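K.L.:
Listed below, chain by chain, are the residues.
There are 2 protein chains.
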Amino acid sequence: MSKITKQKKIGLVPGFKSAGIVSGIKASGAKDLTLIVSDVPAIAAGVFTKNRVLAPSVIYNKRRLAKVEKFKAVIVNSGNANACTGPQGMEDCKTICDSLAKELAINANQTLIASTGIIGVPLPTPKITSAIPKLANSLSDKGWNQAAQGIMTTDLVSKMAEVRYKEGKKEIVLAGIAKGSGMIHPNMATMLGFAFTNANIDKKVLKKALQLATDASFNSITVDGECSTNDCVLVLANGLAGNSKINGNGASYKNFVAALTDLCQTLAQKIVRDGEGATKFVTIAVTGSRSLKEARKAGMRIATSNLVKTALFGEDPNWGRIVCAVGDSGVSLNPEKISVAIEGQMLAQAGVPVQFPKKKVDRLMKKKEIQIDVDLGVGAESAKVWTCDFSYDYVKINAEYTT
Amino acid sequence: MSKITKQKKIGLVPGFKSAGIVSGIKASGAKDLTLIVSDVPAIAAGVFTKNRVLAPSVIYNKRRLAKVEKFKAVIVNSGNANACTGPQGMEDCKTICDSLAKELAINANQTLIASTGIIGVPLPTPKITSAIPKLANSLSDKGWNQAAQGIMTTDLVSKMAEVRYKEGKKEIVLAGIAKGSGMIHPNMATMLGFAFTNANIDKKVLKKALQLATDASFNSITVDGECSTNDCVLVLANGLAGNSKINGNGASYKNFVAALTDLCQTLAQKIVRDGEGATKFVTIAVTGSRSLKEARKAGMRIATSNLVKTALFGEDPNWGRIVCAVGDSGVSLNPEKISVAIEGQMLAQAGVPVQFPKKKVDRLMKKKEIQIDVDLGVGAESAKVWTCDFSYDYVKINAEYTT
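Going line by line, the protein sequences match chains A and B. Following my numbering, the numbering of the first sequence begins with 39 at its first residue and continues without gaps. Following my numbering, the numbering of the second sequence begins with 39 at its first residue and continues without gaps.
To be clear, the hints were calculated from the coordinates, so they are not data collected in a lab. Bear in mind the structure is a predicted one, so any value in this text is a computation, not a measurement. Check the hints yourself; a few may be wrong.
[Said to hold, decoys possible] For lysine to any residue, the following SDA-like pairs were computed, each having C-alpha atoms within a straight-line distance of at most 20 Å:
hint: 1; chain 1: B; residue 1: K132; chain 2: A; residue 2: K100
hint: 2; chain 1: A; residue 1: K88; chain 2: B; residue 2: K375
hint: 3; chain 1: A; residue 1: K100; chain 2: A; residue 2: L250
hint: 4; chain 1: B; residue 1: K396; chain 2: A; residue 2: V159
[What the hints assert, rightly or not] Cβ-Cβ distance ranges computed for the label pairs, FRET-style:
hint: 5; chain 1: B; residue 1: K396; chain 2: A; residue 2: E407; range: 38 to 46 Å
hint: 6; chain 1: A; residue 1: L50; chain 2: B; residue 2: R328; range: 49 to 57 Å
hint: 7; chain 1: A; residue 1: K88; chain 2: B; residue 2: K331; range: 51 to 59 Å
hint: 8; chain 1: A; residue 1: L50; chain 2: B; residue 2: N372; range: 44 to 52 Å
Each residue gets a CB set at the ideal place from its N, CA and C atoms; glycine is no exception.
Chain A extracted, bound-state conformation (with noise of 0.2 Å):
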């Protein structure tokens, strides 16, 4: 596989035009609408939340993947989740992808829709449609930026990636945007990410590929333990690479995972880096488990804590804080076994405290970046995850918004 290329700003993605526009949902009249539009249809997969209450447009998501071929575009709003709305939701739902459809002369089975925002509030519909006809115009190969600022809702940035790389002599272009800050005020915002790709690839070739892909970044990713309605995460591949097209197991296909996985972990951690009150940003590297399984749900755990991340905010190498977390995630583990260590500092070896050099561990609390390497000394596979620490702001930014 070539280097992939990775770039904090989306440059020309073939096929693909974005744009970020206001229409008028959110009182600050910030950018709240946003559009994709793929040239040629395209293919598409979606993971989705494992919350039981599900936003109307998870819902009208999951049926259109099911069975529609191929999709033209994917519209975002942002300012209202449109969730525990009643029978009204998926009413607002059909309303704007029909709209959409019309102004851009395609069928309404190839629209793709997702909100994020407050909850149990009927969407502004109008305010949406009446905006369709300006958000079809300012569709631009270079309108990422303002795509990714008309999803955002208490991020304090926008979040985008891209990366490419050469297969065979063709060039594969990923981009992708999110929203993100934990599940958060006003009442609960969303992980929200979109990843478009002009790869040729089979259809449940591409739905593994983002399983995989999600799992390594947004499903080990938290910022408070929360799991909203409106979780999505979508990609559109329109196939213009010219690539052979990408099937079963190969070296092509990890290629794209390697690739994709790439794109969501940057997107992922840019999330966490934006968590709400967030001061310092880490990661937890769990070795030495069973299963790639038991590595993420023990590191999951461990970044979910609310004693680990109140430390992490004090500064405190409080390794017990770590080892009990592991010990309540219900994973395989020998406590004699379980090894801590701190930005490379050991703490607690084989389950027994290691005399660590006090002033030395308190400089390493104080950066800004942490790695937490936790061994569970059981077995051979490992994961990492990403987290942020728990800040007075956490608590102000979440109690201090009113209904």
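For chain A, the structure is supplied; the task is to place chain B on it using the hints.
P.N.:
Just chain B, lined up with the frame of chain A:
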């Protein structure tokens, strides 16, 4: 069954003596060593942490309870959890129990032990063994207040409860002490509960009763969703009430379960009220569930949601976060059947928002005790759980401690 009489302080518990003294483990000089002794050998049962990293005291008690029929003493230290301390940890448990047994002229097998406080630091066992003669000399049938103080860590108040009821002509007395405040600073504290009764009861029946009572009390509360290495609930029953032995599933068994549950719920609610940084006491009542287990699971997911807890701190009637937490709990549900009320005011009915009187709800949200009712609408089972809100002070308490 005769009416249960409840007391905040513990009176005489026939055949039990208790003490709490300063052994010097805590730098603050506060009480840190507690002893409860039964005049006659008592049967015992325990419920322990589900964390896979177990403190030596937990392992010690599990082994003893499996092998030994009757017990005479429970010793508890605070200020040091004796957890993650390597093989020395179990040696320290044995040394203390041996020393206590010698002092009391009983068999070491008849002792149970618990520890709570900092983890990863060797227990200062000589301080404890040196204090044992004084501890034994302090035993008194009026020692409960001291005993409750000796097990405190970050608790702001000591926690005691007593219930009495008549079984035929005999008076059954149950007394309990507990400590909690979540799982917490310094390093992590622990939930400990100890109950003592004069009931004459079969050992297996006592174990079953304790599990039921614990599930409906200590396992139905949360301060911060953490589960420690040392969590432990023990009950001793010395039979001195002289009632016909409680056996099987009859009325006397049900009476005892009700009384023990009442005792444990009172103690558990005291732990929640004293939760670190808590400003509100929150009851979550889940109804319409397919099973008791699912009702508790849904309730506990709401109770551990940082978003729900910060909204409560912010006095925001954010029912969307509640529905989302239920959806994330994994229980059987139908989003179109979920109803949510706070303090009796319906906020969402059958999945659809209710137009509620804002000023009235604002006033309700300012209350210090809040009940959230969630009806799942899919069954006939119900459960209550208790939690507190999540304030700046939780973060402060847990961030500012430095090892």
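K.L.:
Could one say that the CB atoms of L50 of chain A and N372 of chain B fall in the range 44 to 52 Å?
P.N.:
Distance hint for L50 of chain A, N372 of chain B holds at roughly 46 Å.
K.L.:
Given the hint of 49 to 57 Å, is the C-beta distance from L50 of chain A to R328 of chain B inside that range or not?
P.N.:
53 Å, holds
K.L.:
Falls inside 38 to 46 Å, the C-beta gap from K396 of chain B to E407 of chain A?
P.N.:
Roughly 44 Å apart at Cβ, these two residues keep to the hinted range, so it holds.
K.L.:
Against the 20 Å threshold, does the CA-CA distance of K100 of chain A and L250 of chain A hold or violate the hint?
P.N.:
Holds - the C-alpha atoms of L250 of chain A and K100 of chain A are around 18 Å apart, at most 20 Å.
K.L.:
Would you mind confirming whether the straight-line C-alpha gap from K132 of chain B to K100 of chain A stays at or under 20 Å?
P.N.:
59 Å, violated
K.L.:
Next pair to validate is K396 of chain B with V159 of chain A; report whether the Cα-Cα distance is within 20 Å.
P.N.:
Within the cut-off at roughly 15 Å; holds.
K.L.:
K88 of chain A and K375 of chain B: Cα distance at most 20 Å?
P.N.:
Holds, at about 19 Å.
K.L.:
Between the beta carbons of K88 of chain A and K331 of chain B, is the distance compatible with 51 to 59 Å?
P.N.:
20 Å, violated
Of the numbered hints stated above, those contradicted by the structure are hints 1 and 7, listed in ascending order.
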